[in-house]
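Engineer: With chain W fixed as given, assemble chain G onto it according to the hints.
There are 2 protein chains.
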Amino acid sequence: MSMTKSKLRVYDDTRALFHLPDGVIYLDGNSLGALPLGVAERVNRVITTEWGNELIRAWNSAGWYAQPRHVGDRIARLIGAEAGSVMVGDTLSLKVYQALAAALDMNASRKVVLSDTGNFPTDLYMAEGLIATLGRGHQLRLVAPEEIEAALSEEIAVLYITEVDYRTGRRHDMAKLTAKAHALGIVTVWDLAHSAGALPVDLAGSGADFAAGCTYKYINAGPGAPAFLYVAPRHADTARAALSGWMGHAKPFAFELAYVAAGGIERMRVGTPPVLAMAALEASLDIWDRVDIAEVRARSLALGDLLIAEVERRCPSLKLVTPRAHERRGSQVSFAFDGGYAAMQALIARGVIGDFRAPDIMRFGITPLYIGESEVMRAAEIIEEVIAGEVWRRPEYQVVNAVT
Amino acid sequence: MSMTKSKLRVYDDTRALFHLPDGVIYLDGNSLGALPLGVAERVNRVITTEWGNELIRAWNSAGWYAQPRHVGDRIARLIGAEAGSVMVGDTLSLKVYQALAAALDMNASRKVVLSDTGNFPTDLYMAEGLIATLGRGHQLRLVAPEEIEAALSEEIAVLYITEVDYRTGRRHDMAKLTAKAHALGIVTVWDLAHSAGALPVDLAGSGADFAAGCTYKYINAGPGAPAFLYVAPRHADTARAALSGWMGHAKPFAFELAYVAAGGIERMRVGTPPVLAMAALEASLDIWDRVDIAEVRARSLALGDLLIAEVERRCPSLKLVTPRAHERRGSQVSFAFDGGYAAMQALIARGVIGDFRAPDIMRFGITPLYIGESEVMRAAEIIEEVIAGEVWRRPEYQVVNAVT
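Chain order of the listed sequences is W and G. Quick note on numbering: full-length UniProt numbering labels position 391 of the first sequence as 391, and the sequence is numbered without any gaps. Quick note on numbering: full-length UniProt numbering labels position 404 of the second sequence as 404, and the sequence is numbered without any gaps.
In case anyone wonders, no lab produced these hints; they're calculated from the structure. Keep in mind that the hints are not guaranteed to be accurate.
Derived SDA-like pairs (lysine to any residue); straight-line CA-CA distance at most 20 angstroms [unchecked claim]:
1. K251(W) / E128(G)
2. K251(G) / T117(W)
3. K251(G) / D360(W)
4. K251(W) / D360(G)
5. K180(W) / M106(W)
6. K251(G) / E266(G)
7. K251(W) / A358(G)
8. K251(G) / P121(W)
9. K251(W) / P121(G)
10. K251(G) / R167(W)
11. K111(W) / L142(W)
12. K251(G) / K251(W)
13. K111(W) / G135(G)
14. K111(G) / A258(W)
15. K111(W) / A132(G)
16. K251(G) / E295(W)
17. K111(G) / V143(G)
18. K5(W) / E41(W)
19. K251(G) / V399(W)
20. K251(G) / V400(W)
21. K5(W) / L37(W)
22. K251(W) / D355(G)
23. K111(W) / L134(G)
24. K319(G) / A294(G)
25. K5(G) / D355(G)
26. K5(W) / V399(W)
27. K251(W) / V400(G)
28. K111(G) / E128(G)
29. K251(G) / M106(W)
Treat the numbers as computed from the prediction; the structure is a model and nothing was measured.
This is chain W alone, in the form it adopts within the complex (with noise of 0.2 angstroms):
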């Protein structure tokens, strides 16, 4: 844990708390968050000290095997969740199938998934898989962002959607939609994937349902960093646990040959969890503990005004699709762009990290715990040289790659 738990003031005291290379303006920490200077210090003790010396003792001994209810309680802090009704591991994919088999199982007598087309691939992908799975007629139904509230209906049975848009950074009104879903008795699923670390978010208050997030973006958890699911505790003791792990047994090392599911969030355990990733995340968290999200949330929209004005300024034919109304906004600024793939190697080249998101979205990540004014005003002029220069234009910047 950090040496004292006193205030950090966001970016001022924070930004010393990160490696970033030198040359490199880093836009992209909506995607996967720079590194926290304690992670490898903590992971390698993880490493030589509890795996090495304490071996298979470190289960209990190191704490390993109540970690993801403490982590869990950690992140709940970030996102307005109650302590105990959070738990950690496994991957964003998994834990929205989690969630969704829960909600499906509550809301039997009704077959519609509601989400929309700004939901990102996963979401959608694993919910196809489970509605074939089940083999029950459930159908997905996808309309436009936009299109989410009227379609609400005594039809649907839950609403599966992620708070802000991984393309446009458009925020739904999770307290506004959540409460017109209950009053049509609609079970709310909320991906958290943009919102946790990035925005207050207010599960509890909002009356969400469940609700799943990553690490790896925002909370700085690094590559591959373990997901997290939120069970409301109304819920906790009676949704149903689809992925039936022995993790989340009432009686794990009892070994019973029949499952039965343990008390409250545990039962969202599944396998045996990600220790060495978890130690990375423990200590990313080590500076969420110390920063207000308020004050977070604050700068990102502040610095997002800045790109936005110093962009459209410079560079015309960048169409801005973010939504410029703070509240309907989450902490990134998109842009489309016809050349918006090749602007974006062109940028990279230049040490202007963003993002590009098919078929023409420019990204550009706001993470205030690292970035600051400094950086977004030299973006703006690396963005002004790549466009207004037509540096996008040069043949080097066409080819397209595997992975972005």
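Structural biologist: Using the frame of chain W, we list chain G on its own:
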């Protein structure tokens, strides 16, 4: 990678490649393998150089995206699998779930999943969960391990068993059972938790359909290390991916709204791979690439024979539950003893680390990469002290901990 690919002699060369704490005889590598010395540096490099400096670019530049398949090919060598047939990721619970879901889909007219009471409980629990989700009247039928062969019939859809029993160390005959299963139209799913890195497995030669295993036991990849899934090449392009995440999509970075399964084993990927854990796994495989699994097996059997002979001679009250016949034994030796829990606590207090499995099984894992004759002889002396000397009766060893 290792500096040289020259062969290593088992124990004589490999013992020095592991960290083992002073005063410990570690006979629990069948639960959590010991720490290979190369892990800490490898993981540190991935954290500082790849994540820290390359950031999001490392998905391409450091090969993170392709790693689960490349590492799968390294594991394939150990289990007699074809190149391109093994995918790494998630946990064993999830991998047996994927395998069983695909297997049931291939044999949809039959409704019985056959397993045995020696299967590891999470396999049974995951099957229960899948059967409930399917809701198509499937039945999980459990028989005693020795009754499996006789229980095969044309009523069975899937034979779903663990090759080596986690409690007794009893080994099923994979080739024989698979052949008989196939003759009856049964699809096979093998759990290799106590096989991979423990003994030669011949998936291709035995004609197995699906298999899954973990890497934190005999492979020594660390606590919560990722699992793997094998799909026979003849099924890989048609097996249904029930956990249909974006990484298993034919074009993951096209971000299409509808799921289209990738060809081959790639469809069994789910979400973002655990990159830090994968680094530890790669370091552990640097040793496995250079040893001969047949030599590991020969040493394991000899050490097991020695432990059995010494314990039976010194402690007649311990009843061997592991088969004596080499071909029917995995790489552990287990004894039933009414005071087993207390005795194991007393042994651990004296540096002999094995483990206990309810109701009365004392397990000792044989891991010849870092356990040799002198360790086995010393362990036998301490077992004698604890059992024959009645040390296990002391009150301090009767207290049951939450997790063992």
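Engineer: Decide, hint by hint, whether the structure agrees.
Structural biologist: Here's how the hints hold up against the structure:
1. Between K251(W) and E128(G) the CA atoms are separated by roughly 16 angstroms; this keeps the pair inside 20 angstroms, and the hint holds.
2. Between the alpha carbons of K251(G) and T117(W) the distance comes to roughly 17 angstroms, so the proposed pair stays at or under 20 angstroms and holds.
3. Taking the CA atoms of K251(G) and D360(W), the gap is about 17 angstroms. The hint holds against a cut of 20 angstroms.
4. Distance hint between K251(W) and D360(G) is fulfilled; the C-alpha atoms sit about 17 angstroms from each other, no more than 20 angstroms.
5. Between K180(W) and M106(W), the direct Cα distance comes to roughly 18 angstroms. Compliance with the 20 angstroms bound is thereby established for this hinted pair.
6. A distance of roughly 11 angstroms separates the Cα atoms of K251(G) and E266(G); the hinted pair therefore holds under the 20 angstroms criterion.
7. With a C-alpha separation of about 12 angstroms, the suggested pairing of K251(W) with A358(G) holds against the 20 angstroms cut-off.
8. For a cut-off of 20 angstroms, the pair hint linking K251(G) to P121(W) stands: about 11 angstroms separates their Cα positions.
9. Of the supplied pair hints, the one linking K251(W) and P121(G) holds, its CA atoms being roughly 11 angstroms apart against a limit of 20 angstroms.
10. Of the pairs offered as hints, the one joining K251(G) and R167(W) holds, with about 17 angstroms between alpha carbons and a cut-off of 20 angstroms not exceeded.
11. Simply put, K111(W) and L142(W) have alpha-carbon atoms about 14 angstroms apart, close enough for the 20 angstroms limit, and the pair holds.
12. Pair hint K251(G) plus K251(W) does not hold up; C-alpha atoms about 41 angstroms apart against a cutoff of 20 angstroms.
13. Pair hint K111(W) plus G135(G) holds up; C-alpha atoms about 15 angstroms apart against a cutoff of 20 angstroms.
14. Distance restraint check for K111(G) and A258(W): the Cα-Cα separation of roughly 19 angstroms lies within the 20 angstroms cut-off, and the hinted pair is therefore satisfied.
15. For the hint linking K111(W) to A132(G), the alpha-carbon distance of about 17 angstroms falls within 20 angstroms, and the restraint holds.
16. Of the pairs offered as hints, the one joining K251(G) and E295(W) is violated, with about 39 angstroms between alpha carbons and a cut-off of 20 angstroms exceeded.
17. Only pairs whose Cα atoms come within 20 angstroms are accepted, and K111(G) paired with V143(G) is accepted, the gap being roughly 16 angstroms.
18. Proximity of K5(W) to E41(W) is assessed by CA-CA distance (about 19 angstroms); at most 20 angstroms being required, the pair is judged to hold.
19. Taking the CA atoms of K251(G) and V399(W), the gap is near 17 angstroms; set against the 20 angstroms cutoff, the hint holds.
20. Of the supplied pair hints, the one linking K251(G) and V400(W) holds, its CA atoms being roughly 14 angstroms apart against a limit of 20 angstroms.
21. Taking the CA atoms of K5(W) and L37(W), the gap is near 17 angstroms; set against the 20 angstroms cutoff, the hint holds.
22. Between the alpha carbons of K251(W) and D355(G) the distance comes to roughly 17 angstroms, so the proposed pair stays at or under 20 angstroms and holds.
23. Our distance criterion of 20 angstroms between C-alpha atoms is met by K111(W) and L134(G), whose separation comes to about 15 angstroms.
24. Taking the CA atoms of K319(G) and A294(G), the gap is near 29 angstroms; set against the 20 angstroms cutoff, the hint is violated.
25. Between K5(G) and D355(G) the alpha-carbon distance is near 35 angstroms, which puts this suggested pair outside the 20 angstroms criterion.
26. At most 20 angstroms may separate the alpha-carbon atoms for a hinted pair to count; K5(W) and V399(W) exceed this at roughly 48 angstroms.
27. For the hint linking K251(W) to V400(G), the alpha-carbon distance of about 13 angstroms falls within 20 angstroms, and the restraint holds.
28. Restraint check for K111(G) and E128(G): satisfied, since their Cα atoms lie roughly 13 angstroms apart, inside the 20 angstroms limit.
29. Straight-line distance between C-alpha atoms of K251(G) and M106(W) comes to about 33 angstroms, which puts the hinted pair past the 20 angstroms bound.
Checked against the numbered hints given earlier, this structure breaks hints 12, 16, 24, 25, 26, 29; the rest are met.
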